[in-house]
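Enquirer: Here's the letter readout for the chains.
There are 2 protein chains.
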Amino acid sequence: MADYRVPRDDMQFLLQDVFHADQDWVRFSALAEVDMDMATAIIDEAAKLAESMIAPHARAADEEGVTFDNGVVTTPANYKENFQQLAAGGWVGVTANPEFGGMGLPKVVSAQYEEMLCAADISFSLYPGLTAGAIITIDAYASDELKNLYLPRMTAGEWTGTMCLTEPHAGTDLGIIRTKAEPQADGSYAVTGTKIFITGGEHDLTENIVHLVLAKLPDAPPGSKGISLFIVPKFLPDADGNVGERNGVQCGSIEHKMGIHASATCVMNFDAAKGWLVGAPHQGLPAMFTMMNYERLGVGIQGLGAAARSYQTALEYAQERIQGRGAQVSRNFDKEADPLIVHGDVRRMLLTMKAFVEGGRAFSTYVGQQLDTAKYSDDASEKVRSEALVALLTPIAKAFITDTGFETTVIGQQILGGHGYVREWGQEQLVRDCRIAQIYEGTNGIQALDLLGRKVAGSRGELLKPLLEDIQAVLDEPVAELEAEYQQLAEAVKRVSAVTEKVLSQVGRDENVINSVAMEYLHLLGYVIYGYLWLRMAKAALPLTAERPHLSSKVKTAKFFMARLLPRIESLAAAVEDGSQSLYLHELSEF
Amino acid sequence: MADYRVPRDDMQFLLQDVFHADQDWVRFSALAEVDMDMATAIIDEAAKLAESMIAPHARAADEEGVTFDNGVVTTPANYKENFQQLAAGGWVGVTANPEFGGMGLPKVVSAQYEEMLCAADISFSLYPGLTAGAIITIDAYASDELKNLYLPRMTAGEWTGTMCLTEPHAGTDLGIIRTKAEPQADGSYAVTGTKIFITGGEHDLTENIVHLVLAKLPDAPPGSKGISLFIVPKFLPDADGNVGERNGVQCGSIEHKMGIHASATCVMNFDAAKGWLVGAPHQGLPAMFTMMNYERLGVGIQGLGAAARSYQTALEYAQERIQGRGAQVSRNFDKEADPLIVHGDVRRMLLTMKAFVEGGRAFSTYVGQQLDTAKYSDDASEKVRSEALVALLTPIAKAFITDTGFETTVIGQQILGGHGYVREWGQEQLVRDCRIAQIYEGTNGIQALDLLGRKVAGSRGELLKPLLEDIQAVLDEPVAELEAEYQQLAEAVKRVSAVTEKVLSQVGRDENVINSVAMEYLHLLGYVIYGYLWLRMAKAALPLTAERPHLSSKVKTAKFFMARLLPRIESLAAAVEDGSQSLYLHELSEF
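Top line first, the protein sequences correspond to chains B and U. Position 291 (the first sequence) corresponds to 291 in UniProt numbering; numbering is contiguous. Position 590 (the second sequence) corresponds to 590 in UniProt numbering; numbering is contiguous.
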């Protein structure tokens with residue numbers, strides 16, 4: 001596996017020159033201590049861990065995998081030490097509340113850190129990643145007593161967190177879960193049931209594991225309005241947070257998977273395990289969605305990290321491997337062949353990767369900035385606007401970054417030919433590891449349904465407005481070098497609006513329309529957002545190219561994106577316009 | 001892993017009702033003994049082997065893999081017995097020359113058999129598959145002496161065959177291979193060099209392995225015009241074909257790969273190994289391409305087999321797994337949720353799979369029919385026309401069936417959600433196994449270059465004509481039920497012609513244009529060909545639906561394909577029309 005180098009310059013360019021994050025930090029009182037120097041220092045420090053500590057073990061960890069023996073899960077060599085070192089540096093609590101020991105960093109910065117961790121080793125990243133999500137949920141919904149007991153340990157990375165949703169018969173459809181929680185005399189609950197696909201459900205990294213579990217109270221109304229959230233620790237802590245007796249929760253087995261071999265995916269059996277209610281009874285789903293929404297951008301970033309790593313390796317390979325002759329002008333006359341990168345089809349593949357990777361990085365930073373504004377802005381109307389943008393963008397970030405991320409890793413494998421298919425170079429591992437990100441934390445199909453159904457149709461299109469305003473702000477100030485591309489984006493926005501209106505006009509008349517076109521609609525919006533971000537990046541880069549010549553690549557990649565990738569919206573729009581019609585011709589027996 | 005059931009009805013429908021293969025068999029004297037009853041019997045017999053003998057071991061074979069110990073390769077449990085049973089039934093020589101014991105079956109029939117084998121277990125299928133390719137090459141180019149010595153044993157499946165092309169520094173670019181062949185006094189050659197990625201280079205299935213090796217003679221001109229082909233057996237046979245002393249060829253190691261774990265991918269070291277020239281000196285590449293062309297449709301069929309298997313499992317799962325509620329009309333009121341198949345997005349995924357699988361089956365049968373006509377027709381002009389079609393269609397069949405096949409397996413995994421990511425259901429194995437088909441036997445990028453460069457541009461577009469004639473023949477007789485779809489296909493054909501003209505007009509002025517747009521061009525043609533085949537199938541199905549009601553699904557899937565998948569040509573055409581422009585803006589340092 002090739003070495004990993006953190007794309008520090010690109011991260012810096014985004015924070016400073018594209019999104020001007022420092023202007024937010026000046027305005028938001030809670031972030032007054034953050035400045036660009038600090039962000040740079042954080043990125044440099046995280047980069048060292050990712051490059052030197054985590055990345056070098058990713059391939060061996062994939063080969064070794066996690067092992068299960070009679071309820072005990074053992075992680076690969078170096079995982080425990082590395083997790084402890086990460087925790088000791090405060091990185092598990094990177095965005096967590098400073099009141100409980102967190103760094104309280106803005107999401108625009110932690111998004112860069114998360115990308116590095118995922119690029120270095122997705123399996124490893126899941127242990128701190130899930131913990132960070134659990135911290136946020138507990139911080140937002142649990143009682144002060146639970147917060148004081150759990151958050152300091154979790155923030156310090158002494159205990160990890162999980163989210164226990166899925167059951168054998170209930171994945172996407174949480175309304176039908178069967179795990180039960182019986183109230184006990186001492187105010188706790190006895191939680192009983194089986195949860196599957198629990199990431200980090202059991203492992204040997206830390207002394208305790210804190211499960212957030214969805215379960216039904218005896219008086220629960222049926223369906224998704226009858227779900228409550230519980231905190232269920234592996235070991236019961238005493239009042240001082242010292243780990244005590246073992247709770248009634250056991251790992252029954254682990255899954256054998258396509259990838260993320262070093263992440264323990266567990267079947268968890270709860271047998272009258274002691275748990276405490278988090279938030280109000282029957283209000284578990286909204287609470288869990290706090291965590292899910294946080295995780296969903298994080299899962300998008302997993303796709304980005306894998307894609308970024310794959311691009312680095314593919315680029316290196318294409319520059320070094322000589323094979324065939326390019327057009328006359330680029331010939332390598334002293335060697336027997338030219339490097340792969342002279343060939344048009346290889347450049348097409350590399351630029352597609354580059355456009356998706358840097359576009360995805362810009363997108364995750366954009367969403368991060370909106371999350372920061374929603375959380376930290378002192379201006380109520382700005383806050384509301386960013387909340388709306390986050391609601392709209394989260395499902396797109398999760399699904400579009402992972403779909404294009406997967407496409408990127410597959411291309412990165414293709415560029416290496418047979419060497420991409422063997423394990424040695426690590427390209428195939430990135431494909432396998434990235435693949436899960438399209439499936440878990442709500443499949444990408446579910447994200448699409450959330451976007452088009454709940455968000456766009458649910459608001460009669462209102463929720464699109466802040467995004468369209470942001471895009472319009474760029475369109476209103478075109479630059480001469482990219483005139484045609486600005487025109488193209490303006491046309492694409494019109495296409496989105498027309499398609500949206502058409503879908504909205506069918507809602508009510510056709511119960512199947514949303515679910516029938518949601519995926520293509522999400523991709524359509526995704527390409528338009530990347531087009532917008534590419535023009536924003538190109539525009540930000542143009543005045544800086546004299547000083548930083550490498551930034552001229554932003555303008556060129558923007559042109560590539562608009563010429564070769566944005567046209568995909570034509571096919572997507574046509575599919576959306578077809579509605580549900582061609583999907584419901586078949587009787588069940590005719591498949 | 002779910003059971004595999006051979007789609008006998010669809011195969012029958014294609015042979016009999018769509019392609020009227022029996023009308024060819026009546027006309028071609030060499031196939032006079034073949035009729036539809038015989039074809040049906042063959043398909044039934046092969047189906048038994050695929051369903052009951054091969055498929056049940058595929059998952060265990062993936063887990064076990066091949067093992068390497070000091071030059072010896074051991075295949076998984078059941079592989080040896082199954083291979084011997086396959087051989088005993090004559091299936092290794094299914095298309096081979098009857099003069100040497102082959103069945104001499106037409107390719108339209110063997111394409112169905114190959115699909116079954118690949119759907120059952122791609123790893124297993126490679127051992128007989130490569131052997132069949134080697135048989136064809138030896139039959140076409142070797143001396144009578146070599147043919148008499150090798151072909152009876154290979155046809156009987158007593159010995160297997162390999163093709164040894166790639167070297168550590170030379171994959172796509174065979175012109176720079178370094179393996180040498182020194183003439184010896186006895187008329188043989190001493191072959192020395194290292195070959196990598198050799199499928200079935202070493203194994204324990206048979207008593208001998210026959211390598212077809214590309215090497216350079218001492219007086220070879222440089223580049224691809226200086227390559228010769230040699231037959232190099234693992235054990236030297238005596239004049240009666242009895243296996244004698246060990247030759248100087250050894251397996252140095254095997255690769256650890258993303259998939260096809262049960263197929264031995266070997267590094268082969270030739271150390272003055274005794275070999276015999278096949279064909280004329282320096283004419284090795286054209287001879288090897290005989291094999292490659294045969295294999296290329298075979299590799300396309302690997303993508304089809306994996307996709308077909310994935311579709312079966314996904315469909316079963318979507319019919320049985322209940323999750324969420326569909327629109328009012330389809331509600332499963334006695335259960336707590338509806339089956340997945342009621343949801344629009346799941347239907348979109350299933351129909352995409354179905355359209356690619358049945359479209360791919362029609363395509364491989366179409367190419368098979370052209371191969372048969374080229375080989376067996378007694379009419380010289382018909383022969384020439386089919387040869388031209390085969391030349392045009394082969395790279396498309398290899399690349400488009402595997403690219404859409406891979407997309408299909410990824411969708412098939414997505415439909416199962418987390419259950420698609422774990423190994424148990426086998427969907428993830430199909431993704432991993434299918435992936436190699438886009439890479440080997442010439443990457444799909446190389447297929448695209450062959451199509452657009454050598455075939456289309458090389459003939460100034462002439463080679464497209466027989467295909468466009470075939471499509472026009474369907475367009476000339478539209479059916480009322482599909483009027484809009486016929487119109488749409490006619491427009492798509494116009495689009496292809498316009499795009500082709502634009503590319504051809506740039507050739508000569510722009511050395512990079514072919515390589516820059518070849519991949520999208522290949523996909524563009526692929527979608528139009530599938531559109532054509534879907535209308536042919538729909539038209540053939542329409543008059544038969546009274547008797548065989550299930551055939552109404554052909555009309556419906558055709559409508560789905562035209563509505564949701566054919567529109568992809570818009571984005572592809574736009575990308576092709578961009579030419580090389582946006583790919584060559586970047587300096588090497590700007591990537």
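There's no promise every hint is true.
Heads up, simulated BS3-like pairs for lysine-lysine below, C-alpha to C-alpha not over 25 Å straight-line [stated by the list, open to error]:
| no. | chain 1 | residue 1 | chain 2 | residue 2 |
| --- | --- | --- | --- | --- |
| 1 | B | Lys216 | U | Lys335 |
| 2 | B | Lys180 | U | Lys180 |
| 3 | U | Lys335 | U | Lys274 |
| 4 | B | Lys180 | B | Lys274 |
| 5 | B | Lys335 | U | Lys180 |
| 6 | U | Lys225 | B | Lys335 |
| 7 | B | Lys274 | B | Lys225 |
| 8 | U | Lys147 | U | Lys180 |
| 9 | U | Lys465 | U | Lys383 |
| 10 | B | Lys335 | B | Lys274 |
| 11 | B | Lys48 | B | Lys80 |
| 12 | B | Lys225 | U | Lys335 |
| 13 | U | Lys335 | U | Lys375 |
| 14 | B | Lys335 | U | Lys274 |
| 15 | B | Lys147 | B | Lys216 |
| 16 | B | Lys216 | B | Lys274 |
| 17 | B | Lys216 | B | Lys180 |
| 18 | B | Lys335 | B | Lys383 |
Honestly, the hints are just simulated from the structure, not real lab data.
Enquirer: Evaluate each hint against the coordinates.
Expert: Consistency of the hints with the structure:
1. B/Lys216 - U/Lys335: Cα-Cα ~19 Å, so holds.
2. B/Lys180 - U/Lys180: Violated, because 72 Å separates the two Cα atoms, which is more than 25 Å.
3. U/Lys335 - U/Lys274: violated (70 Å)
4. B/Lys180 - B/Lys274: This hinted pair holds, its Cα atoms lying about 12 Å apart.
5. B/Lys335 - U/Lys180: holds (20 Å)
6. U/Lys225 - B/Lys335: Answer holds: U/Lys225 to B/Lys335 is near 18 Å, not above 25 Å.
7. B/Lys274 - B/Lys225: The given pair, whose Cα atoms are some 23 Å apart, holds under the 25 Å limit.
8. U/Lys147 - U/Lys180: Between U/Lys147 and U/Lys180 the Cα gap is close to 23 Å, so the pair holds against 25 Å.
9. U/Lys465 - U/Lys383: Status holds; Cα separation ~15 Å.
10. B/Lys335 - B/Lys274: The hint is violated at about 70 Å.
11. B/Lys48 - B/Lys80: Holds. B/Lys48 to B/Lys80 sits at ~18 Å (cutoff 25 Å).
12. B/Lys225 - U/Lys335: holds (18 Å)
13. U/Lys335 - U/Lys375: Given that 25 Å is the threshold and the Cα spacing comes to 57 Å, the pair is violated.
14. B/Lys335 - U/Lys274: Violated, because 32 Å separates the two Cα atoms, which is more than 25 Å.
15. B/Lys147 - B/Lys216: Since the Cα atoms of B/Lys147 and B/Lys216 sit roughly 22 Å apart, the hinted pair holds (cutoff 25 Å).
16. B/Lys216 - B/Lys274: holds (14 Å)
17. B/Lys216 - B/Lys180: holds (5 Å)
18. B/Lys335 - B/Lys383: violated (60 Å)
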